[in-house]
Amino acid sequence: MAISDAKVAAQRALTKKAARPTGTGTPVPVVGFEEVSKVYDGGHVGLERVSMRIGRGEFVFLVGPTGCGKSTCIRLLMKELEPTSGVVSVAGRDLSKVTQKRLPYLRRNIGVIFQDFKLLPNRTVYANVAYALEVIGESRESIRRKVPDILRLVGLSTKLHNYPDELSGGEQQRVSIARAFVNHPPLLLADEPTGNLDPETSIGIIQLIYRINRTGTTVVVATHDREMVDKMRRRVIELNEGRIIRDQVAGMYQYDESTSEFAVRLRGELGIGPEGHPN
Amino acid sequence: MRVAFFLKEALRSLSRNAAPSLAAVLTVLMTALVLGVFIPIVQATTGTANSIRGKVVVDIYAKDTATLKQLHELRDALATTPNVKKIQFITKDQALASERKKHPDAYALLGSNPLPNLFRVTPKDPDKIDAIVDRLAPVDPAIGKRKPQLAAIDEVRNRRDETDKILSATGLVKLLTAGLTVLLVLTSIALVANTIRLSIFSRRREVEVMKLVGATNWFIRWPFVIEGVLVGLMGGVLAGLCLVIAKATLVDPLADRFALLAASKMIDFRMLIGLLMLSCVAVSAIGSGLTLRRFLRV
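These protein sequences, in sequence, are chains A and B.
Remember, my numbering sits 980 above the position in the first sequence when you count from 1.
Remember, my numbering sits 36 above the position in the second sequence when you count from 1.
Among these hints, one or two may not hold up.
Facing chain A, a subset of chain B residues (Cβ under 8 Å, in silico) [stated by the list, open to error]: (1) Phe41; (2) Phe42; (3) Leu43; (4) Arg240; (5) Glu242; (6) Val245; (7) Leu248; (8) Gly250; (9) Ala251; (10) Thr252.
Simulated from the structure, these hints should not be mistaken for laboratory data.
For every residue, glycine included, the Cβ atom is placed at its ideal position computed from N, Cα and C.
Model the full structure from these sequences, guided by the hints.
Here it is as structure tokens:
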């Protein structure tokens, strides 16, 4: 079965990293932000003194309104951007110390999924996924074995030889997930993976990402898809104007208030005292 | 395995991007053709100009009364004059014979030989011919005319008007062709570079995705460079074929009749085609590699 195959391979990839002693002290987080600030050219503040640690195997949502810094976080992790100050690290490695020459090797250990899929338009589904393996120098036999496997896993075994523009949005996103996961990276980043998709398709996509997470891969999803976050009940880090305003273990998209808290707020908004009806 | 992979990638992107690839091939073809026609023309014109410049001479007419000793003195004086490349002595009889050949009717009537003995001097540098004349017959300020230094000399002539005309005309031709060549080469390079840039620019998103998947720069670059080589090769071969056909059908039949076309100093045809193909391949391969550099910084 394909999924168990993937599981085994991912665990193998992870045990390499797990060789570090984890018993004493805090284990090395897969993703670490220490007082990270990012100011874009022109003065727009993307992130302001953001610190967070994401451990191995976690499933984290980054939520917040547009422009709050979710995508900045993802792009910092890809080393597409450099932080203005602070340290971004992946698996304990400070990204500012990764040279341009080593950068491709870093990226091979990070799978990325984008809102606009970023598939190669003039390659078939098969070739798109195979490219990720060709890049790391896999042999042709192993490519021929792995690509159909992973495509079956994401449910696209019948569309191997279609071009991306012949697929629906959901199917294209599945291809990009297959490409991101085909060499079982320890870390999977998703930047608005369901931003272009309808709610029903979105559920399928997020379930797929969740299945990948269950193989041991750390997953960070930046999203403003409220329904998805509420349904999953995973760790939620909420950003607003570049700052972390909430970090909750099994959170909802919005701060999770109890019924009585909700009642208090509602009364306050309606101008009603706690005693009851004004008349 | 890697080479085969890169070659396959290059061929695939050539066929998937047929229109821009065709445009690039045609651009290379056109520029190579223009250069291939222009280079021999430039060479033929400068060659002709040079051979005309070689015809600039100073004629020194000897007096009929001059003794053999005086003639020898004159000859020695000429041999020691700077800037002299060749001295040719033409006797009265030789001059008469050659003139008679040119105009048989006119000379048939002549009883005696009116032509003088003649030294014909070819200068090393045609531009400095006046110095020779000045040395042999400086202008006498008293009478405002040239006065020969030696007794044997009757008159020194450098066919001044003709010489000046030839020198200025050939100089202009040389300058013009040099300017045109520089312009043409620059335009060709700009045109090819621009076409390549355009075809790569249309694929910059593709390059970006490759970078995000973790491809190294050279892994992305090689197929583009090979593609450039293939485009250059196709353009170069087509241009070479056109030139060969044009030479065989147009130039060769005419070469017998027109000295200009058969100028001896012209570049060897095979070498010309080889050079053109080499530069086509080099320009398009290096062009692709360099253009890509900008999009690799992701």
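Now for the hints, and whether the structure bears them out:
The interface hint given for B/Phe41 holds, since its Cβ lies 7 Å from the closest Cβ of chain A, which is under the 8 Å cut-off. At its closest, the beta carbon of B/Phe42 sits 10 Å from a beta carbon of chain A; the interface hint therefore is violated under the 8 Å criterion. A least Cβ separation of about 13 Å between B/Leu43 and chain A goes past the 8 Å threshold, and the interface hint is therefore violated. Because the smallest distance between the Cβ of B/Arg240 and any Cβ of chain A comes to about 12 Å, over 8 Å, the interface hint for this residue is violated.
Annotation: B/Glu242 was flagged as interfacial toward chain A, and the flag holds, the nearest CB pair being 6 Å apart, inside 8 Å. Because the beta carbon of B/Val245 sits about 5 Å from the nearest beta carbon in chain A, less than 8 Å, this interface hint is met. Satisfaction of the interface hint for B/Leu248 is found here, the shortest Cβ-Cβ separation to chain A being roughly 6 Å, below the 8 Å cut-off. Hint status for B/Gly250 relative to chain A: holds, with the closest Cβ pair at about 4 Å, below 8 Å.
Interface restraint check for B/Ala251: the shortest CB-CB distance to chain A comes to about 4 Å, inside 8 Å, so the restraint holds. At a threshold of 8 Å, the smallest CB-CB gap from B/Thr252 to chain A is about 5 Å, leaving the interface hint in force.
In summary, the numbered hints that this structure violates are 2, 3, 4.
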